[in-house]
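**Q** So the chains spell out like this:
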Amino acid sequence: MADHAGAHVAHQFDDAEQQRQASELGMWVFLATEVMFFGAMILAYTVYRFEYPAPFAHASQHLDPIVGGINTAVLLGSSFTVVLAVHAARVGARRLLLGSLGATIVLGTVFLAIKGYEWHHHYGEGLVPGIRFLPTGPEAPAIGLFFWLYFAMTGVHAVHLTIGIGVMTVIAFLAWRGAFSPAYHNPVEIAGLYWHFVDIVWIFLLPILYLIGRHAP
Amino acid sequence: MTAGPRLYLVVFLVLLALTALTVLIALVDLGPLNTPVALLIAAGKATLVVLVFMHLKDAPGILWLAAGAGFFWLGILILLTMSDVATRGVLAIPGK
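If you read the sequences in order, they're chains A and B.
Per our numbering, the very first residue in the first sequence carries number 1; after that it's consecutive.
Per our numbering, the very first residue in the second sequence carries number 218; after that it's consecutive.
Just so you know, these hints were derived from the structure itself, not from any lab.
Beta carbons: idealized from backbone N, C-alpha and C, even for Gly.
You can take every hint at face value.
Sample of chain B residues facing chain A (criterion: CB under 7 Å; computed from the structure):
| # | residue |
| --- | --- |
| 1 | 222 |
| 2 | 236 |
| 3 | 246 |
| 4 | 255 |
| 5 | 291 |
| 6 | 295 |
Taking beta-carbon pairs under 7 Å as the criterion, some of the chain B residues facing chain A (in silico):
| # | residue |
| --- | --- |
| 7 | 225 |
| 8 | 233 |
| 9 | 283 |
| 10 | 294 |
Okay, chain A solo, but in the shape it has when bound (with noise of 0.2 Å):
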């Protein structure tokens, strides 16, 4: 019977399709652990820009949104680039998967470099909190507040990126090897996933923190 034929089929499913599944409700339910865990920090951001409208918006200003804008285009380009890996997995399209991974490999990390510049950039402007601080004044807590949330959750999202170009290293390693077919491919398609996801948190931390604020007062 075709269902235990496969040696890709691990003991505990009863056929490729079952395991297949169970691969992707597993990382859909990481992904909404994930989506907790950055799902606290927006909250706290969103207190605290309820708490301090003006200070938030002032900081805010401090970024620029066409940097922003670029970083995020980057970053589609890159979700783009996994599906198109995705798909010629599952067609068994080798050239095209290991270009594909490839490419996302190079645009991931062109995305941290470009976040790392903006990162030197505030450094420079003395916008750090804990490590170089310089606005003064009335509203000087409150936008170490905002830079607060913005380096952790900026951060943070980076740090996940670094992981997905880890994550997308081996999956190239593995298909140059030879490792996938259209019939065993549940590594890419959830790798996949995983890369989707902080890509959607990027779409988010855009218009929150770079395009609030342009016209505060």
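Start from chain A and add chain B according to the hints.
**A** Positioned in the frame of chain A, the structure of chain B alone reads:
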């Protein structure tokens, strides 16, 4: 459209257009609508990524449940907390 590189490319281009749109709109003052419009565009982009790139639109119901649970509890986390924070001081406290 069925899932495939053509659909992915179209969705990618729409996502890029929405990103450009949200950055450009941020440069225009919409008054109290600034934040809702930016969040609405972000929610639209996230929905496209979830449905098409993460293949949820073709996924079995149990994955919808897992995906929905995350956002449902995020909604509870933020709505219930803000229902406290945002309404403090609205009513006078008797005896105070």
